[in-house]
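Protein chains in written order, with our numbering: chain L, 373 to 882; chain V, 60 to 429; chain U, 6 to 333.
The set of hints was computed from the structure by calculation and includes no laboratory data.
Computed Cβ-Cβ distance ranges for the label pairs, DEER-style: (1) U:Lys313 / V:Arg312: 19 to 27 Å; (2) L:Glu765 / U:Thr186: 54 to 62 Å; (3) U:Lys313 / V:Pro259: 47 to 55 Å; (4) L:Pro774 / V:Phe122: 40 to 48 Å; (5) U:Lys313 / V:Gly244: 35 to 43 Å; (6) V:Glu83 / L:Glu765: 30 to 38 Å.
Far from chain U, by Cβ distances over 12 Å, these chain L residues were calculated: (7) Pro433; (8) Tyr500; (9) Lys587; (10) Ile689; (11) Glu695; (12) Asp749; (13) Asp772; (14) Ile810; (15) Met815; (16) Glu825.
Stretches of chain U that chain V covers, calculated by requiring three or more beta carbons in the stretch to come under 8 Å of a beta carbon on chain V: (17) 88-95; (18) 106-113; (19) 250-256; (20) 298-308.
No experiment lies behind these values; they were computed from the predicted model shown. We put the beta carbon where it would ideally sit given N, CA and C, even for glycine.
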Amino acid sequence: MRNISKAFGDKIANNKVDLDIYRGEILSLLGENGSGKTTLMNMLSGIYFPDEGEIYIDGKPVMISSPKDAFDHGIGMIHQHFKLVNVFSAAENIVLGMETDPDGNPIPKGKINIEEASKRIREICELYGFDVDPDQKVYDMSVSQKQTVEIVKVLYRGADILILDEPTAVLTPQETEKLFAVLRNMKADGKTVVIITHKLHEVEAISDKVAVLRKGEFIGQLITKDTNAQEMTNMMVGREVKLNIDRPEPKDVTPRIVVKNLTVKSDDGIVKLDDVSFTANKGEVLGIAGISGCGQKELLESIAGLQQIDGGEILFIEDDGKETNLVGIDPVEIDRMGVSLAFVPEDRLGMGLVGDMDLADNMMLRSYRSGKGSFTDRKSPRELAEKIVDELEVVTPGIDTPVRRLSGGNIQKVLVGREIALNPTVLMTAYAVRGLDINASYMIYDLVNKQKERGVAVIFVGEDLDVLLELSDRILVLCGGKVSGIVDGRTAEKNEVGLLMTKLGGGEIG
Amino acid sequence: MDNKDIKEPLIHITKRKAIPKKQEWTIRLLSILFALIVCAIVMAVTTHLNPLAVYAEIFDGSFGSPRKMWILAKELSILLMVSVALAPAFKMKFWNLGGEGQMLAGILATAACMIYMGKNLPSAVIIPVSLVCAVLAGGLWAFIPAFFKAKWNTNETLFTLMMNYVGMQLVAYYIIIWESPKGSGKVGIINQSNGAGWLPNLFGQPYLLVVLVALLVTVGMYFYMNYSKHGFEISVVGESQNTAKYVGVKVDRVIMRTLLLTGAICGLVGWLMVAGTDHTITTTLGGGRGFLGVLVAWLAHFNPIGMILSGFLIVFMSRGASEISTAFGLNESFGDIMTGIILFFVIGSEFFINYEVHFRKSHRKEAADV
Amino acid sequence: MFSLVSFIPRAIVQSIPLLLGCTGETLNEKVGSLNLGIPGVMYVGAISGVIGSFLYENSGAQFNGVVGVLIPLISCLVGSLLMGLIFCLLTVTLRANQNVTGLAMATFGVGFGNFFGGSIMKLTGSDVPSIALTATSGAFKTGFPASMKGGAIGQVLFSYGFMTYVAIAIALIAHFILKKTRTGLELRAVGENPATADAAGINITKYKYFSICIGCMIAGLGGLFYVMDYASGVWSNDAFGDRGWLAIALVIFSIWRPNVAVLESILFGGLLILYLYIPTGTNFATKELYKMIPYIVTIVVLIFISVKNKKDSQPPEALGLPYFREDR
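Please work from the sequences and hints to get the whole structure.
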C-alpha cells in the first residue's frame, strides 16, 4: 500500500500511509483507538475507497472498490462485528452471496446445493484445525464459534490474505490460544495474516512483524522479536507511558456485600449462577474473571435487583453494621442504598445509556425520580452533565448532543462518570474499558482507584486478565456459574487464574 | 457485475446533521403543494372536472359557513384527541392500531348507560356514570393487548387490530338487541324524547364542549409527555427497553400504564361522540379514526401541538371530500384517494428532511422524484 | 345439517384471497418489509381487474373466454404492481416508516377501490349498488370438466375455478424458492440482516423492490379472485372487508412459510363462515357474536405463538427497519 489517504468529512483517518505486507507472515497492526487501523484495512478489503494512493498486490497496481473485488484478489476481512445471519446455518452463511463456487464455476440462481458446500467446509476445517458444524444455526453458537465461521467463510472464498480486526476482544485466553494455533497453521500453509490489535502481549505472541499507526499516520514497522512492549507503547502513544496500574493498599476493610449460596436460573430454566458465595469489602477492588457468559452479568444484576433470584441471599451491610437482604427488594430501593451498576455491553449503549438522548437526559435516567410531584427536574441533570464533561474531559460538541454521536471511550466515561457521581457505596462495573485505548483505560482505572480510596466497595468485571491482576485486590473466578476460586490479586499467577476460568479448581474461599 | 471503473456511486446519500426549522417546513409545504398538483391531474383525468373549482369547493366545505366551521372544529377535535391518545404508545414503540376498537368500547359503554338508565335516572347521574364506564371500557380494550405485550411480547400490531373487529362485532350484537324500531337494524337516536344522558350545549353551541375537552387533553398530553416522570419513562422505554430495565424502570408496568391511558382517552372520545354529538351507536361510528390518528400522530412526530396541524390537514380534506361529493356528484371515496396522495408526498418528504442527496460532480442531474 | 362435503369447498373458496394475500405479504416480510398496505393493494388489484373486465364486456366485442380472463388479470397485476412500487419508493428508496406508509396505502387503496367501484356503478345506472360481470366471472370459474366434480371427492378436490389451483401453486412455489434456492437464501438474508447481505455483495435495493413488487402482485390477485370467483363477478363497495388484515395476521400463523399458509388459510376460511353453520334460529344477535370467532382465534394464536417463543418461528430480524448503509 502506497501513500494511502482517507478522510471522512474534515476528519482525516489516514494520511499518506505506506504499508508493506509480505506473503506467508503474520503482521500486527498496532495503534490506539481512532488511529486509523480499521479504516486502513477497510480500504484493503473494499469497504471504503481511498481518496488517494495506490494498492499493489504482487507488484501490480489493483483497484479495490467492493468486498467482491477484494475477494477476487484473495483478500478477506473478519470484522469486529460479525456479519452473520442468525437463523441461517453455518454453511448457509458461508455460501451467502457467492456467485461462483470455489473452483470458479458459476452457481445457478436455482436450487442450492448445501451438501456440497458442507463437504468443502469440512475439508477446510480439517486442513486448519477448525471446529465447525456446517448445519449448526448461528443463534446456537458461542462468540468464538461465530468467529470461526467468519474465518472459514473467508477461506472458503479462497482468500490468501486474511485481515482480522481485534479478533481476541471477545475471546477467553484459551480460545485465543486456539485461534493463534489456527493462524500459525495458515501461515505454514503460505497464507498472509494481518491482525489488528492494541494488546501488546498478543503482538508478541503471534506476529512476525508489527506496524504501528498513530493518529492516521504510519509510524514505523518493527520485527517483533527485536522489540519490546515499552518501545511499542511509546510508538503507539507518542510519548512515554508507564505501563503499571496503581494499586493503593486497601484501608478500613470491612464487609459491605455478603453473597450467600446465590442461585439464579434463566427464563428457560438454565442455571446461570450456582451456589455462589463471596464477600465484597469496602475499600477494596474485587475483580471478577471468567469466560464471557459464565454468570458475570447475572451476578451483577442480582445484586442490583434486576434478576429473578432462585435461592440464597445477598446481604448489604451498612457502616453501622445493619444488615439488609437485597433479595426481592425493588431495584430503585437498592439504588437508593448506593449500589450502582455500570455495565458496558458489546455495543456500548443499551444498558445504562440511551443513544438517541442527549447527555443531560442520560444523566436524568438516574435522577428523574428524585424530587416531589410527578414532573421532572431538568436543571440538575444539566449541571451534572456539564460537570462530568468538564472533569473527565469528555470530548463532545455539547451536553445537548445525543450520546450515540460520541466515540466509544467518551460514551464509557459518561456512563462510569454518572454512576460515580451518585456517590455510591458499592460500585459495580462490567467491561468498563471494553475497546478503549491505553489512555482512556488508565483514566477509568484511576476513577476506580479513587472510589476505592473513598471506601467504596468496587466490583470490577473485566475481560483482560493482565488488567485484573494489576488492579484488583482479590479476584473471584467464575466458571459456568460457579465460583471456581477466589485468589489474591497481588500474588496470583495468570496461568492459575486462566486454569480456574476453564475448569472447577479447588480454590480456597478467601 | 463489473464495476471496477466506477469510482464513486452516481448518487450518494448521507444523513443530515440538523436542518433549520424553516427549511423543514418549506420542504413539507412544498410536498403538500406537489401533492395537490398531482391530485388536480388525477381529478382532471378521471372526473373531467376543473380542479380549481373542486379545490374552491373543498375550502368552502370547511369554511363556507359558521356551521361548517363548527363541524370542522368538532371533527378536528375528535381526531386530535384520538391522535393525542395514541401518541405516547407510539413514542414507546407500541404500534397500537386499535384506536378504533378502543373508541368503540367507549361508545358501547356510553350507549349502554344511556339506554339502561335513560328511563329512570336524571342526566346528572347518567353523565358521570357513563363517562366513568366509557373511560374504563376504552382502557380495558387497550389494556388487554398491552398486558400480553408486556408479559410475552405478543405482537401488538395485529392484536390491537383484531380487537377492533371483536369490538365491532360486539357493537353489532348490541345494535340488534337495542334496535329501534324493531327490525330496522339500527338503534336510532338514543333518548330522543327526554335527552337523558346528553351532554349540555355550552353557550348554545353543541360542539363547544368537545372542542374545549380536546384542547385540554392536547395541552395536558403535551406536558405529560415532555415534562412528567411518566413521560420520561415512556421515552426511555421507547428508545431502549434494556436501558430502562437497568435504571430500574418497570418496563411492563410502563407499557400497561401507558396503554391504559391511551385506551382511556379513546374511551373518552367515544363518550363525547355518543353523549355529546351523535347520540346514536353504529359499528362505523369510529370512522377509521384509529388509523388516521396513527398517521396524524406520526406526521407530527408525536408532538401533541404539532398534531393540531397534521390533524387539520386530514380533517380539512375529508370535510372537503364530502362537500364535493354533494356538489359535483362525486363519490365520497375520492377524498380518501386525495388524502392518500397527500400522505404519500408528506411521508416521502421526510426523507429530504433527514437525508441529503449528493450527485457525482460529472453527472449533475436534477432531483429524480419526490 | 352440517355436511363436511359442502363445508370444505366453501372454506377453500373463502381461503384463497387470504392465501394469496398472505403469500404476498410473506414475500414482503421476508425482505424485512412489514407492509400494512396489503389490504389497500388487494382493493386496488380487485378494482383494476373489475375496470379491465368492465371495459372489455362493454366494448361491444364478442366475449372471448381467454381474452376475458387475460384483460382483468393483466390490469389487476399492473394495478397492484403500481401499489408495490409506491411502497418501495417510499420505504426502500426514501426510507420512510413502513407502518405509516402501509396505513396510508390502505387508506388510499380502499378509497381507490370504492371510488372507481362507485363511478362504474353510476355509469351502469343500475339500481343496486353493485356491478355484475357475469361473463368474466364465468370465464374465471373455468376449472375441471363437470364430470370430475361429482361425488364427495370431486366436490372437495375438483370443483373450483382455475385460480384456486394457481393460488395454491403460487404458495408452494414461493415456499420452494424461499427455502431451497440461492435467490431465496439471498432474499432471506436481506430481511434478516441487511448489513451482512450488503457485505456479501447482495444488492439490497434490487431484492427489496423485486420481492415487494412480486408480493404485491400476488396479493392483488387475491382481490381479483374475490370479485371474479368468490363473488361471482359482483363488485360492491367495502364487500372485501377486512380480509387484507386477516391475510397479514395469517403470515404470523404460517410462521412465514407459504406452504403452511395453504392449510392455515383453509382453516381460517372455515372459521370465517363457521357462523353460518351454527344453528341460532332467528336470533340474529348471537350470529353477530359468532362472527367474532376468526378474530378471537387470531388473538389466541398470537398469544400462543408469543408464549412459546421458539427461535425458528420468529419474524425476520430486520422486519420493519429501513436499511441505510452508512448508519452505524
